[in-house]
Amino acid sequence: MTTLRPFPLAAREELQNAQLRANLRHATDTIRAKRARVVGEAPDWEELRAAAAAIKDDVLAQLDRYLEQFADAVEASGGHVHWAEDAAAANAVVVDVARSHGVTSVVKMKSLTTDEIRLNEALEAAGVEALETDFAELILQLDGDWPSHILVPAIHRNRREIRDLFARTISPGLASDDPAALAEASRRYLRERFLAARVGVSGANFAVAESGTICVVESEGNGRMCTTLPEVLVSVVGIEKLVPTLADLEVFLQLLPRSSTGERMNPYTSLWTGVRAGDGPQELHVVLLDNGRTRVLGDATGREALRCIRCSACLNVCPVYTRTGGHAYGSVYPGPIGAILTPQLVGIENAPTLPFASSLCGACADVCPVRIDIPGILVHLRAQAVAATRRPGERAVFVLVAAAFGSARRFSFAQRLGRVAQRPFARSGRIRSLPGPLAAWTRTRDLAPLAPRSFRDWWRAR
Amino acid sequence: MSEGDYRSQSVRVALFVTCFGDTIAPRAGRATVAVLERLGHEVVFPEAQTCCGQLHWNSGYEREARRLARRFERVFGGFDAVVSPSSSCVGTLREAFGVHNVYELSELLVGRLGVEDVGASFPHRVAYHSTCHSLRMTRVGDAPFRLLGAVRGLELVHLPRADECCGFGGTFAVKNADVSTAMADDKCDVIEASGAEVCTALDSSCLLQIGGRLARRGSAVPTMHLAEILACEASA
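Listed in order, the protein sequences are those of chains C and Z.
As numbered in our numbering, residues 1 to 462 make up the first sequence, in order.
As numbered in our numbering, residues 1001 to 1236 make up the second sequence, in order.
Worth flagging that the hints you see were computed from the coordinates, not collected in a lab.
Ideal Cβ positions, reconstructed from N, Cα and C, are used throughout, including at glycine.
Don't take each hint at face value.
[Stated by the list, open to error] Below 25 Å or equal to it, Euclidean Cα-Cα: the simulated SDA-like pairs (lysine to any residue) are:
#: 1; chain 1: C; residue 1: LYS34; chain 2: Z; residue 2: LEU1159
#: 2; chain 1: C; residue 1: LYS34; chain 2: C; residue 2: ILE170
#: 3; chain 1: C; residue 1: LYS34; chain 2: Z; residue 2: ARG1161
#: 4; chain 1: C; residue 1: LYS34; chain 2: C; residue 2: GLN254
[To be verified] A partial selection of chain C residues facing chain Z, derived with a Cβ cut-off under 7 Å:
#: 5; residue: ALA277
#: 6; residue: PRO319
#: 7; residue: PHE405
Throw the hints in and build the complete structure from the sequences for me.
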C-alpha cells in the first residue's frame, strides 16, 4: 500500500478550481434539499435509523456465521462463491471468469467496491475491456477521470464539459448540452454493447444471508441490463454488505434512497438469487471481498464504519467535502465516511492526515441513516494517527501545553509569558503575522491577541 | 421539581470560563458573571480551573485529555451547576468525558433557570451564528433565539446556511488552513450580505475565526459573545 498524499496539500490544489466548487455547491445543495424534504415526511425516521444500526451491528458481531449462511445459500441456488482476501485475489477471480469464456470485454454497473479494488485496470492488463455503463461512470471512463462522489461520481463535471467530451468520443457532432440529449447519446452508444455482452460485472448494495440473494438499487436501469442480459454475471460483494433476512431490506430500502438521492424509492431495485434455467445469467459468481474489512472489524470503536450503506448523505452536508470535492481524499470513499473508512482499510500509517480532514462539525452524524458516530471515530483515529506518526515537534507542544494546564499556577505563568511573547507581533489590538505553525492562521486571518488582563486576574481584582 | 431545574430560585453557580475564555476572550466570562449576578444568582470562580481537555482530545492526545478531564472533575465535581460560555467545551465534557453538571450559558438561563428576558438592551442589527457544537452537541435549540428575542431594541437578521460550520474546528483551522479559510469566507459572505452590525455566537473560539477573517477582509462587522450582548443594559 502506498501512502496517500497529505489531505491539506491535495485540498489546497482542489480549492483553486472555482468551477469545481460551484458545481459541487449547486449539486450538493440540490440533493440536500431533496433529502431534507423526504426525510421530514417519514414519521418513523429515527426508529428506522436505530433499527438499521442494530441490524448492522448484529451482522458485524456474527459476521462469520452470516457469511457462511450466505455462501451456502448462494451455492444451493446454483451460484459459485469465491473468497477474496484482497484486491488482487478478487480481481483474479473476475479475470479468470472472463478468460474462461473467451471474452475481450465485460459490461459493468456502477460499483464502488470494484473501483476500490481497481478491477478495470486488472481486467485491462489481462486484455479485457471493462465498459462502465452508469452514465457518470461512463463519462469518467471516457475521460480517464476518477469518481469524486459516492453516488454522483462525476459531480465535479458540468453538462457543457460532458457535451464536449461526448462530441470528442462517442457522439461526434453532438451540439446540445441538454440533459436529455446527453442521455440519448450515451444510450445509443451503450445499447448495442449491452446486447452483445456475454459477461456482466456488478457490485451489491445488500446481500441477504438467509436466501443468498443479492440486491442492487439504482436510478438508470443500466445495472439491471448488466445483471440480466449477459450469460455470465460476476458480483463483487464487500463482506460488510450482509443483512440477515429479506425482511431486513424493508428498513434499508426506506433509508437508502431517501438519504442518497432524496427519493422515497429509487427507480430500479433488482434482487437475484443464484441461477434460474432460461432466465437471466446462467452462470453466477459471487466474490466475497475482505480487502481490509476484517482489520476494521478488529477495532471495537472504528468498526461502526462498516455499518455504512454508501448513501453519501454525509458528503453532501460536509463543509469540507463541499469545498474540496472528492479527489482530495485520495480514495474511492471520499468525505466524512472516507475519512474514517480509508485509514482503517489501508492502515492509519498510510492515511494519517485523513482523520484530521474535518472541523468535527457533526453535520455528518446527524444525517447518517445508520447512525455512525463519524466525529467520534474521527477523534478515535486521530489518537491512532498521533501514535503511528512521528511528529516530535507537535508532540512536544501538546505535552507542554498539557503540563501548563496541569496547575493553575503554571497556567497563570504561561498566560503572562504569552502576553510578553506576543508583544512584537500585536499591533493596535490584533496580530497580523506570526512565525511557525501559527503562520497558517495569520496568512488569511487576523488573530486576537491574548487579553491584556486574563479573566482570573480580573476576578481576583474585583 | 426535576433535578437541575432551578426556576425561581436564587442559585449558586460555578463558572468554568475555559482556558480560551480566560486567556483570549475574558469579556465573555465577565459578561456571564454580570448577567447571572444581575438576575440575583451567586457566581463563584474556582481558581484551580484550567482546561477541560478538549484541545488535546480533538487533536489525538487522548492520555493528556483524560488527565485534564479528571482534573476538571476534581475542581468542579462538588458543584450542583457549572456554567460555561462555550458550547464546545460543555459538549466535549458531556459527550467525551461523561460530565453532566455543566451547562452552556443559554441552556442554563432558558432551560434551567427559566429566564428569557435578562433585562438587556442592545439597539443594533445582530447576526447570530449557530455554532456546530451548540447545534449538534449541546443541542441548545431555540434558547439563544429566545434570549436575543427579549433584548430591547435588538433586530435579529437571518443568515442563510445558518447551520454550516465557520471552519474553525480547533487545530483544523491551522492543519487545514486553506479549507478552513474557504469555509470562513462563505460565512463572512453571508454575514456581510445580511446587513448585520454585529455577529454573535455561543462560542468565542468560532468568533475568533469569523472575526479574524472579517477583519482581514476589511469588514467593519465586529464579533461579540452572546453573553456580552445580554450584559448590555440601557444607559441611564
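Should the interface hint for C:PRO319 be scored as holding, given a Cβ-Cβ cut-off of 7 Å against chain Z? holds, 4 Å
Does the alpha-carbon distance linking C:LYS34 and Z:ARG1161 stay inside the 25 Å limit? Given that 25 Å is the threshold and the Cα spacing comes to 15 Å, the pair holds.
Taking 25 Å as the top limit, are the C-alpha atoms of C:LYS34 and C:ILE170 close enough? violated, 32 Å
Holds or violated: is the Cβ of C:ALA277 closer than 7 Å to a Cβ in chain Z? violated, 54 Å
Sort out whether C:GLN254 lies within 25 Å of C:LYS34, counting only the CA atoms. holds, 15 Å
Taking 25 Å as the top limit, are the C-alpha atoms of C:LYS34 and Z:LEU1159 close enough? Between C:LYS34 and Z:LEU1159 the Cα gap is close to 21 Å, so the pair holds against 25 Å.
Does C:PHE405 pass the interface hint, meaning its C-beta sits closer than 7 Å to a C-beta of chain Z? holds, 4 Å
When each numbered hint is compared with the structure, violations occur for hints 2 and 5.
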